[in-house]
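Using the hints provided, position chain R relative to the given structure of chain H.
2 protein chains.
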Amino acid sequence: MNGAESLVHTLLGCGVEVCFANPGTSEMHFVAALDRIPGMKCVLGLQENVVTGMADGYWRMAGKPAATLLHCGPGLANGLANLHNARRARSGIVNCVGDQATYHRIFDAPLTADTEGLARSVSAWMRTSTKAKDVGADAAAAVQAARTSPGQIATMILPSDTCWDEGGVVAQPLPVPEPQAADPLAIRNAARILREKKNVLILLGGKALGEGGQALAWRVSQATGAKLMTEGSNGRLARGQGRLPLERVPYPADQAIKALSWVEHLILVNSRAPIGFFAYPGKPSKHYPENAEVHVLTRYEQDAEAALRALCEELNAPAVPMPDVGKRPERARGAPTPEGLARTLGALMPEDAIIADESVSFGRGFFSETFGAPKHDWMQVCGGAIGGGMPQATGAAIGGGGRRVINLQADGSAMYTVQSLWTQAREKLPVTTVLLSNRKYQILLGEYQNVGANPGRTAMDMLDLGNPDLDWVKMANGMGVEGARATTLDQVGDLMAQSFAQKGPFLIELMI
Amino acid sequence: MNGAESLVHTLLGCGVEVCFANPGTSEMHFVAALDRIPGMKCVLGLQENVVTGMADGYWRMAGKPAATLLHCGPGLANGLANLHNARRARSGIVNCVGDQATYHRIFDAPLTADTEGLARSVSAWMRTSTKAKDVGADAAAAVQAARTSPGQIATMILPSDTCWDEGGVVAQPLPVPEPQAADPLAIRNAARILREKKNVLILLGGKALGEGGQALAWRVSQATGAKLMTEGSNGRLARGQGRLPLERVPYPADQAIKALSWVEHLILVNSRAPIGFFAYPGKPSKHYPENAEVHVLTRYEQDAEAALRALCEELNAPAVPMPDVGKRPERARGAPTPEGLARTLGALMPEDAIIADESVSFGRGFFSETFGAPKHDWMQVCGGAIGGGMPQATGAAIGGGGRRVINLQADGSAMYTVQSLWTQAREKLPVTTVLLSNRKYQILLGEYQNVGANPGRTAMDMLDLGNPDLDWVKMANGMGVEGARATTLDQVGDLMAQSFAQKGPFLIELMI
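Protein chains in written order, with this note's numbering: chain H, 10 to 521; chain R, 10 to 521.
Mixed in with the good hints, there may be bad ones.
Which copy is meant is left open, because identical chains are indistinguishable; a pair holds if it fits in one copy or across any two.
[Unchecked claim] Below are the DSS-like pairs computed for lysine-lysine, each with C-alpha atoms no more than 30 Å apart in a straight line: (1) Lys-483 - Lys-512; (2) Lys-437 - Lys-483; (3) Lys-449 - Lys-483; (4) Lys-267 - Lys-449; (5) Lys-140 - Lys-292; (6) Lys-50 - Lys-449; (7) Lys-292 - Lys-207; (8) Lys-295 - Lys-142; (9) Lys-142 - Lys-292; (10) Lys-295 - Lys-140; (11) Lys-207 - Lys-236.
Just so you know, these hints were derived from the structure itself, not from any lab.
All values derive from a computational prediction rather than experimental measurement.
If we strip away everything but chain H, and leave its shape as in the complex, we get:
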C-alpha cells in the first residue's frame, strides 16, 4: 500500500466522504488512489478558491469536514481567500495540499513555493508528511483537528514521494474531543448580570444560532428582559417559522454604533464584541459603548447550548413558546427593491431552503422581511473576502442532502469565483442563483463617498463594472447553467418558482 492509498483509506475511515479537488501533477498518485479505492465522492472545481469555498459550505450544512485536494504552492495560494473565510466562519476542513517530492525540493523547481508559510496563516493545524508510513497517522490527526470544536482548518502537506512510496499504514480514527464546557463562574456571572442589570445584550454566535440554542436564549431573554442579537456575519443561522427574528449588528459603522448605543452589558455567546470591519478616520474601532461591560459566557470552542441550558437553570427561566414571527410574506411586484426581493423570497422559498448570502450592499434589507418565511438556514461570508458566496452555495448543496440552495449574489463578488457555476451544472445541484446586477462595486462607491469626494473618471474606472456590461445569462450558459434575466420583482418571482420546481441549477440575473 502506498502513502496515497493509506491516506484515502484513513480519510474514509474517519468519516470524510467528499473531496473537493483541483489536482496537479504532484497529486496524481492521490488521484490514482481515489480512483482505485471506492467511497469518496470527488467534486472538481475549476479554480482552487471554488474548491476551498465549497468545502466551507459543505461543513456548514453537513456538520462534518470534507477534504480538499489542492495543487502545490500557487494552487494553495489560489484557495487561501476562501480558507480565510472558512476560518472566520469556524468551518472544519481537511485541507490536503500536494508538494514537491522531499528530495526534489532543494532544486527549487518552478512551482516550488513556501507551502507551509502560505498555509500557516489560515490553518489551526498544519503538518508536512515526510514519509509514506506517516501519511495515514497524519491524516487521522488532521481529521481530528478539523472536527475539534468549533471546527478548524487542518492542512496536510503531502510531498509527492510520501504518496507514491510503499509502506503506507492506515490509521484508525482519533477521538474527537467534546466541546469544552463553559466556566461555571462565567455562567454564574452572566446570571448575576442578567438578574441585576438593565440594558443587557446577549450576542449569539456559532452553535448558539441553531434551533436548540435559540430556544434556550429566548427563555433567558423572556425571563430577564435581555435583548438578543447576532454578529454582523454568521456561518449558519436558523431562521423562519419556529425560530427567533434575530437582528444582526449592522455593517456600517454609524448604524452599528447607533444600534448598540443603549448597551451597558454585553454577554458574548460564541461571539466577539462588535468592532468595525474597517477603521474610518475619526470613528471608533469599537462599535459598542466605551463604558459597556463585556462578559464572556462561552468562547468559540466552548459548548454554547450547554451553557445556555445551565444559564436557564441558574435563572430558573421557564420554558416559553417561541415568538410569533408573523405570517409568511407575500410576493412583491414592480421594480426591484431589497425589501421586495426579500418578501418574494420569503413567499416562494421551499421549506428547509438554504440561503447563501453574498448580497453585500443590496442585501442589507433582506433580514427583517424574511422572519416569517418557512424555516430555513442563512449562511454568510464571514471573513469579508469577496467570492465566497457562489462556492459556499455549491458546497452547501452537496452537504445539504437535496435541500434547495438560494444564492443571493452580488455581481462584483460573483466574478471572483464565477467558475462555481460549472460545478453546479456538472453535479446537477439544486442551486438557484439570484445575481444582483448593479454593475458596480456599490459598497466601494459608498465607501468612496465616505472619503468625502465624488468619484471622478479615474476612480470610476476602478469602481464601475459597466463598460462593458457583464451578461450573466450568457456566462452561465457558457458554463452549462440555464439562466434568464429579470427586471421586475414579478419576473424574478416567476423565475424563482420555476427554478424551485426543477432539478439542477438556474441563474436569474436581476437588474437592480
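Okay, now just chain R, sitting in the frame of chain H:
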C-alpha cells in the same frame, strides 16, 4: 498632503505610469488620490490574480514596473499565484497592498490577515509603512527595488491610516543600480571551456534572449561550435526573422534527459541548470548528465549582454550574419494539429506581434514551425502556476504600445483567470485569444498515465472538463469580447486574419 497623495506623486515621479487595480475599502484614500492627481492610468481587473498577471505582462513588454493596487489580506492572497509566476519570470512589480489601519489591527477584524506573511514568499523587497510621512520614501525605495536587475517584486503594505493621515512627503526617485558585471574569472573560464572542450551547451535566459544577446551568443557559437538553447520557459524571447532559431529544453523528463544527454559542459547565461518541473519515481531530478560540468557565466542579476560581448572579445569571435531561419511558413489546412496551427500563426501574425503562450500540452510543437515568422516576442508562464496566460496577454497589450498580442491559451488554464477578457474589452486591447479547447486537463491525463494506470470514473471526474462542455464564445460574449468557434485550421486562419485587421480583442475557440 496625505500619505496616499505622496504615494501617487512619488510613483509618478519614479516613472510608474500604470496601476493595475482591484481596490477595497481599506484602499479608498489611495483611489481618491489617484483620482485627484492626473497621470496614472488605472486598469481594473475583476479578480486580483488578473491584476498581478497584468503587471507581469506589462513589465515584460514595457521594461519598467507598473504598480498594483490590491485589497488587504485575502485580496493579496488571490493575486499570489501570478506574483509567483512574475517572480519566476523575474519581472519587476511595485506591489501595493492595503491593510487595516495601524491602530485597528489589534481588533482582528474579519478581513485582517497575515499580510506580511503572505507577501514574503513572493517578494524580494517588502515594507509596511507605519506613518503617512514615510509613505513617499517607502514608495521610492519600492520602485528602486522593483527596477533592480533583473526585476523584482517589491511589496508595499499600506495601513489605511498611513494613506489618509496628513503629513505625506513626496520622495525623489532613488538611483537604480546598474546590473552587476560578470566576474572576469567567469568570462575567462567560459572562454577556456569553449576553446578547449567539446559538447558544450550555452543555456540562454533573461536578457540574453533579446536581439542583442542572441547576436553575441551566435558569434560565440559560430566561433566555438557550442550549441545554444533556452530554458523550458522564458519571460520574453525574441524570435522570427533576424533572430536565432533557439530550441527550448523540453518539459517532459524523458525528452529533456535525451535532449541533453550529449552535454559535457553547460554554460549558464542568466539561466539555471535544467531540473525537472516535478520529480517522478525512479527518474533523476537533474535533466543534464550527472558528470556534466556546470559553469556560470552570469547569474540572473548580472549583465548577460556585456558578458557575452566580453566573451566574444576573449575568444576573438568575429561578427557573423545571423542564420537563415527559413521562409515564412504558409497557412495550413484541415484538422487542427499543433504544427499546423503554428504554421498558420507564422503565416499570419503581424510584424512585432507578442505571443502570450499558455498552451500547455498542445503547444509543445509550436516552436520549430514559427522560426521563419516575422519578428516577434514570445512570452511564457515561468512559474508553472496555471492562469498566467490571459492576464499576461492583457498586461502585455498595455505595455506593448499597440502591438498585437496573440494569446495561445489552454482551456483549463484559461478558466483560472477568465475575468481577463472583461479587461481586454474595457480597454479595447489588441488581443487575439486562440482558445485551445480540448475539454480536459490533458497534461494531467498524461501525468496520470505515467503513474501507470488508465483513469477510471473518479479520476476522470477530476481530469475532464467536459460534462458540461464550456462554451468559450458565450463566456467571451458575456464579458464583452467578440468571439467565434473554429474546427479547422482554415477557419482559425480566417478568424485570425479578421481579428488582426480590427481593433480590440477577439476570441477564437479552436476545437482540438
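### Query
Under a CA distance limit of 30 Å, which applies to Lys-207 and Lys-236: within one copy, between copies, both, or neither?
So Lys-207 and Lys-236 pass the 30 Å test inside one copy only (10 Å; across, 86 Å).
### Task
Tell me, please, which holds for Lys-267 and Lys-449 at an alpha-carbon limit of 30 Å: within, between, both or neither?
This pair counts as within: shortest intra-copy Cα distance 28 Å, inter-copy 54 Å.
### Task
Tell me, please, which holds for Lys-295 and Lys-140 at an alpha-carbon limit of 30 Å: within, between, both or neither?
Between. Shortest inter-copy distance 22 Å satisfies the 30 Å Cα cut-off; intra-copy 48 Å does not.
### Task
At 30 Å max between alpha carbons, let me know whether Lys-142 reaches Lys-292 within a copy, between copies, both or neither.
This pair counts as between: shortest inter-copy Cα distance 22 Å, intra-copy 55 Å.
### Task
Up to 30 Å between alpha-carbons, please classify Lys-50 paired with Lys-449: within, between, both or neither.
between (38 Å within a copy, 19 Å between copies)
### Task
Go through the copies and call it for Lys-292 and Lys-207: within, between, both or neither, with a Cα cutoff of 30 Å.
Intra 27 Å, inter 74 Å, cutoff 30 Å: intra-copy only.
### Task
Since the copies are identical, ignore which copy is meant and state whether Lys-295 and Lys-142 lie within 30 Å (CA to CA) inside a copy, between copies, both or neither.
Close across copies (27 Å), not inside one copy (50 Å); limit 30 Å.
### Message
Reference check for the pair Lys-483 and Lys-512, CA-CA at most 30 Å: within, between, both, or neither?
### Response
both (20 Å within a copy, 23 Å between copies)
### Intra- versus inter-subunit Cα pairing at 30 Å for Lys-449 with Lys-483
Cα proximity of Lys-449 and Lys-483: in one copy and across copies (19 Å, 22 Å).
### Copy assignment of Lys-437 with Lys-483, given that the CA separation must stay at most 30 Å
both (19 Å within a copy, 20 Å between copies)
### Message
If the cut is 30 Å between Cα atoms, do Lys-140 and Lys-292 qualify within a copy, between copies, both or neither?
### Response
For Lys-140 and Lys-292, the Cα distance is within 30 Å only across copies (19 Å; inside one copy 53 Å).
Of the numbered hints given earlier, the model fails none.
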